[in-house]
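Going down the list, the protein sequences come from chains L and D. Mapped onto this note's numbering, the consecutive letters of the first sequence carry residue numbers 876 to 1210. Mapped onto this note's numbering, the consecutive letters of the second sequence carry residue numbers 533 to 1040.
The set of hints was computed from the structure by calculation and includes no laboratory data. Treat the hints with caution; some may be incorrect.
[Stated by the list, open to error] Beta-carbon label-pair distances, calculated as ranges:
no. : chain 1 : residue 1 : chain 2 : residue 2 : range
1   : D       : 672       : L       : 1090      : 26 to 36 Å
2   : L       : 1065      : D       : 799       : 36 to 46 Å
3   : D       : 824       : L       : 1065      : 47 to 57 Å
4   : D       : 798       : L       : 1166      : 47 to 57 Å
5   : D       : 954       : L       : 1189      : 39 to 49 Å
6   : D       : 868       : L       : 1090      : 28 to 38 Å
7   : L       : 1050      : D       : 562       : 54 to 64 Å
8   : L       : 1065      : D       : 672       : 17 to 27 Å
[Said to hold, decoys possible] Under 7 Å between C-beta atoms, here's a sample of chain L residues computed to sit facing chain D:
no. : residue
9   : 1065
10  : 1070
11  : 1073
12  : 1080
13  : 1082
14  : 1083
15  : 1084
16  : 1085
17  : 1086
18  : 1190
19  : 1191
20  : 1193
21  : 1194
[Said to hold, decoys possible] Heads up, simulated SDA-like pairs for lysine to any residue below, C-alpha to C-alpha not over 25 Å straight-line:
no. : chain 1 : residue 1 : chain 2 : residue 2
22  : L       : 1193      : D       : 620
23  : L       : 1192      : D       : 593
24  : D       : 678       : L       : 1079
25  : D       : 608       : L       : 1085
26  : D       : 563       : D       : 593
27  : L       : 1199      : D       : 674
28  : L       : 1192      : D       : 627
29  : L       : 1193      : D       : 677
30  : L       : 1192      : D       : 704
31  : L       : 1199      : D       : 888
32  : D       : 780       : D       : 792
33  : L       : 1064      : D       : 563
34  : D       : 668       : L       : 1118
Note that the structure is a prediction, hence the values are computed from the model and not measured. Each residue gets a CB set at the ideal place from its N, CA and C atoms; glycine is no exception.
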Amino acid sequence: MNIILIILKKIFTVTFIQKAVTQGIPILYGATGEIMTERSGNLNLGIPGIMYMGGIGGLVGAFAYEQSVAVPNGWVGVICALVVSMLFALIGGLIYSFLTITLRVNQNVTGLALTTFGVGFGNFLGGSLSRIAGSAGQVSVYITGQTFRTKIPFLSTKLGVVSDIVFSYGFLTYFSIVLAIFLSWFLFKTRKGLNLRAVGEDPAAADAAGINVIRYKYVATCTGAVISGLGGLYFVMEYLGGTWQNNGFGDRGWLAIALVILALWKPARAIWGCILFGGLYILFAYVPFGDAMQEIFKMLPYVVTIVVLVISSVREKKDSQAPKSLGLSYFREDR
Amino acid sequence: MDTNNAIELKNICKRFGDVFANKNITLEVRKGEILSLLGENGSGKTTLMNMLSGIYFPDDGQIFIDGKEVSITSPKDAYELGIGMIHQHFKLIETFTAAENIILGLPGKEVIQMNAVVEKINELIKKYGFELDPTKKIYDMSVSEKQTVEIIKMLYRGANILILDEPTAVLTPQETDRLFDVLRNMRNDGKAIIIITHKLHEVLSLSDRVAVLRKGEYIGTVLTKEATELSLTEMMVGEKVSLNIGRKPPVNVHKKLSIKNLTCVDKAGVTTLKNVSFEANAGEILGIAGIAGSGQKELLEAVAGLQNIQEGSIVFHDDKGDIELVGKTSTEIRNIGVALSFVPEDRLGMGLVGNMDLADNVMLRSYMDGKGIAVNRKKPRQKTEKIVDELKVVTPSISTPIRRLSGGNVQKVLVGREISNAPAVLMTAYAVRGLDINTSYIIYNLINEQKEKGVAVIYVGEDLDVLLELADRILVLCGGSVSGIVDARTTTKEQIGLMMTKHSTEVM
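If we strip away everything but chain D, and leave its shape as in the complex, we get (with noise of 0.2 Å):
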């Protein structure tokens, strides 16, 4: 066994059910090295990992840790030969301090001494170049705090390789140039550094070495310099694929939703939009940029009929006439053809019952249809089958419950659905979040179509290339109010950042 390498996998199968998540995986992480593990979502790139931390356990396979043969039946097991994972959804304690959480499950003297906790946290926050407070609650604190209390807590076990799942996936950019900062001091240190992501530029900005999994298929390991954004997609999707959003030009544009002066205040009397105005037209994609809690939420859920209008008016015009959307319950507003798809941080948390199958989540937007007391399965199954299908949801079967497929494909069956109930106004807020290129490049198709079909589409996006990519106006938000909204053909990403932070009055 070669001992530059931390971690060697040989032939590794997990099976879930009958579906393999994972199938003959052989991969190797040497010390000192960032290695990205690449892949679509349901890939397996998580439960290969998990099985490393002792979450799971294979069901075949052996697995080497500097050049010894072990077996990790528990997390505990796995902070004994040094491997750490900072998994996707925090596993800390919310009403413990961040030393507190990072002492959790360790031996020591019986009595706590939190003093020496602290002072010996505080060195590690200095070798490495963090910033936290070790007396914090968790509760209190940022994301990107809480991402730092979990790979504190990895460094204090003594862990010599380190697993980060998405770690990238909830912090803002200066959070990550940090994060990477600090992940190249590590691996300076020597230490083994496996990195889960979806964002290409990231991976080849940070890693030394990519692995590809497919369909829980081990397909290649590359060097990052020898790589491209193009050969990696190939590698993950295993066919030919072209990085482009076929954005037509938009035909036969004409009003479908006019908002005039819309003001909004929330249940604390804070102000969340003040004075909107815009018209979203049919035939047409308007993208809606802003830093995060600008309003975005507010300003779809208030179209929706979800937040509590203070002023202001929602027109939608149709054949017959005009119908005004302020007053109305979201029910009706959603029979009258506006559609809402939100993809919130936790993907479950809005719009989807994890223990509920797929079938029976796509039956909750149509529940009331139809006669008599008893529902109707068969139309929302049909519908059911149709997406998974059309967006290639992977799942054992539409009567899964939907908590057990990943979370990409969680996703599919959000935005999915709502695109399934052929709205006149589709709005959709992060429908790719978490998702992996593939998935959303199909996401953005799947609207584009919605576009030529006569849809007024309402696309609130994080990634302002991609929205200036795919929509064909961007409105900017900026602290509750229109900033501007400009042609996503002629604009720059520059010239929208700037209309994020900076009120302006400027509107072509």
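So that you can see chain L by itself, here it is in the shape it has in the complex (with noise of 0.2 Å):
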């Protein structure tokens, strides 16, 4: 009873809360471009790849930009850091969506591949530009990484307790739960969002209504892309504070993509899950056991997934199911 009053304690403070959303905030941005991705019927296992190519994306940019002028202005950091980013996305979105939707490769290879190479892509970049840096050894862009950190003024200050816990963070995090909500919205309640769903169900009958299958998956595939790398943006600007570390995101993009299952293909469902996520990955430090149970207690991520994952199918609740046709790749003519 003693351990568990102890763990209590610890975990309600306010910095474990504040270190679950900065852990959580990510996988979020991951978990809600997935779900777009996967509303459209893809599957896009590349996202953990593509989120290293949008953090290292905004590294570069910032760093180009810090490099150029003598007295960097933080502001214009932060949109190059937003533009290179978005771009390097982009791309890792057009290449999965030019070979799944296009070239109809399966797209669980493809996926694979593609998180293999935008790790190695985010690594390689990143040393390239520690070496560029020089003496420090460490790429580092300060300034716009302490832009990105900027809190909202007055909110963060002067509520006390309310402050520290809802305003203490830099803009990322409040767009990437607005947006969340906006995507929800989106979804559910316009007539784009209802096409969109279409696709991901049932290719076939969507095309049948009239609707441009082969548009609807790649525009969901490479926004649902350029979203998810503004969370390994989020990582290398606001977590890390501008700076790049081998490796250093390291399993979270397979997270969000197991807070998509958790949140029932809803993008509004994903901002719980994600600072649940946040809290249970970083449990460990609060617990009394020493880091050799680190490894375990990051498990329980992946424990609730699977958790969730058996609840719904044995309710067979129908409307809360993966897209129908996740996974598969769409061709008319064929029978």
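Starting from two chains that each stand alone, build the complex the way the hints lay out.
The structure is reproduced here in structure tokens:
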């Protein structure tokens, strides 16, 4: 009993919640992007790689800018980072889309290859940047990184505990939540959202209803990749403060894909899910078992996902299943 | 161009690989008429209609809609021209409501105003006399409700030309009547309707004209009032046919299968078969009649070893003695010589693998034969060639994936495979489901041949007329129990119909 009390005491602290949120946000971006992708019937297992690409893209953009001017402006750095990050992620999304939608290559194979590629691509560029950065031996875009960490004035200081828990993060955090809520609304209340869900459920039926299946798949997959890439950017900028660590992003990309299942393919549900996952991910540091238990505790998010999968398949509720044509390519004249 | 024609097709051609699915088809459909499109399985009816609805694009030829030449490259083009097709397999999103399916892909205010949509749908429902709740999810719907959604979907889009691909194949007689009433309302409203069906009496009762295709070619169009079942069949087949099932009196009849007090319970704990007892004899066809879901499937599966049997015995009589089948595995039962061919509603759902070719599908029954770990492909290939030859399966080759075949041809392979194994007991359910009339008769003949060879045949069928002509005795199931076994030669359709709905102890 005592041990549980100790753990609970450690968990119900402001820092734990803050850390859970910072861990959760990149996963939320990844999951939101993957949900958009999967809603079009594409199972993009390349998301972990694309998140690496988005992360390194942001670093490349900010680094190039900060190196090119004498006195860098943080907000210009932010824009450079955003643009290049989104561009890199978009390239990842386009590679995946072209292979799986146009050439109809197996989605799992393509996705896994893209993840391998993306991780290597990130580490390679990260290492190269560190070389270029010179004597410090570590690339750093401090000014841009700090700007990403800018908190909301007033709200983040004047409200006591509320400020600490709710208003102590950079703008990417709030954007991720707004985005998830917006996309939930988009998917379930608008015509384009309805059409997109139809494409993921049954492309032949969507096609027969006059929907341009190929275009929807491309746009959803590429948009999804860009959104996921922002997760990598968040990690590099707000979490690490504008530096690179080889394989630093770890397995968060896979957590994002697991979160898609936990959220039952609804972006707004991923918001609380990401904080849960973030908390579980760092729980090991708050239990008095030492580091030896770290890896076991890191399994918890996946255990939760499996439990959700089991529950949702036992309930057989048709509205909360994966899109029916997930993982299948579509060819109109195929019989 | 005659503007009374809603559609005119000129020299339409479409090839799949080396096979011509459509060859030089010229056809016209008038406004305010119902045209039946008739042809055997694989004669290219669906392909032709798919070109009108934008699923396929013709290799050659011209299409005129309302007198203007058009090019239909996508389903969207088809909608814009007012063409709506209701496919054999419904193109509906299961997890959406009827209303959501109906407005799918349509332009309009980006944020959906669902109440306004539902109201507009209700107006259509009233106008043509449908029955439907637009807010119901598709997965909660019966087949006929889904079909209604499809039709309303087309009307909502302003379709003036409606194409229905075998709409009655999955409907009950009452639902069919209701559909036909709606279709007549639409015809009177000036819409052009094309209906593909195999049921000749429906063709004769519903349509104004009949167009016939044979092996991808256009044979001709006749006025329905000048046509008969026989004349239409001859146009379809291209030669004189006799629509007679040559039932011979059974010879050398002896007991093959004795079933006593069979009771089965399904996973949900519902009793599916109650105290069923009967005998199946060698050299005889035992027909099984009943309303869909009265236990036909469970009965056949119980004999084949695929059901949990709670009580009762199934005894197989052989020269060497009697064998109790209850407790044996399905493979053992099959090796004894009890074959089951079940044709489910979706044909590919049970017994065939869509992506495998014909020979491999035939091999699914014999892959365990022979020694060693490698399979013997030679025999299955020979067997497949024989099936293709005897049943006239239309296929580019025996190494074509089976999903590329048309529905009827898939079925011929399914039934042919079971027969080819020379069983002692042949059980077949819905063997002619969705087959055209000529192919159906080929199947009936095959079943008769088996009977003459001394096989005990159990035939589950939907069409009572056929059962009365084909079977020697008919067992009627009602709610999982036997309501009677009658002589097919002396019984009438009405008697059986009555037994199907009422438990009766009268056994002759």
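Right, here's what the structure says about each hint:
| no. | hint | verdict |
| --- | --- | --- |
| 1 | D:672 - L:1090: 26 to 36 Å | 31 Å, holds |
| 2 | L:1065 - D:799: 36 to 46 Å | 41 Å, holds |
| 3 | D:824 - L:1065: 47 to 57 Å | 41 Å, violated |
| 4 | D:798 - L:1166: 47 to 57 Å | 53 Å, holds |
| 5 | D:954 - L:1189: 39 to 49 Å | 44 Å, holds |
| 6 | D:868 - L:1090: 28 to 38 Å | 57 Å, violated |
| 7 | L:1050 - D:562: 54 to 64 Å | 60 Å, holds |
| 8 | L:1065 - D:672: 17 to 27 Å | 24 Å, holds |
| 9 | 1065 | 5 Å, holds |
| 10 | 1070 | 6 Å, holds |
| 11 | 1073 | 5 Å, holds |
| 12 | 1080 | 4 Å, holds |
| 13 | 1082 | 6 Å, holds |
| 14 | 1083 | 4 Å, holds |
| 15 | 1084 | 4 Å, holds |
| 16 | 1085 | 4 Å, holds |
| 17 | 1086 | 4 Å, holds |
| 18 | 1190 | 14 Å, violated |
| 19 | 1191 | 10 Å, violated |
| 20 | 1193 | 5 Å, holds |
| 21 | 1194 | 6 Å, holds |
| 22 | L:1193 - D:620 | 23 Å, holds |
| 23 | L:1192 - D:593 | 48 Å, violated |
| 24 | D:678 - L:1079 | 16 Å, holds |
| 25 | D:608 - L:1085 | 4 Å, holds |
| 26 | D:563 - D:593 | 22 Å, holds |
| 27 | L:1199 - D:674 | 20 Å, holds |
| 28 | L:1192 - D:627 | 10 Å, holds |
| 29 | L:1193 - D:677 | 18 Å, holds |
| 30 | L:1192 - D:704 | 29 Å, violated |
| 31 | L:1199 - D:888 | 23 Å, holds |
| 32 | D:780 - D:792 | 28 Å, violated |
| 33 | L:1064 - D:563 | 38 Å, violated |
| 34 | D:668 - L:1118 | 53 Å, violated |
The structure shown violates the earlier hints numbered 3, 6, 18, 19, 23, 30, 32, 33, 34.
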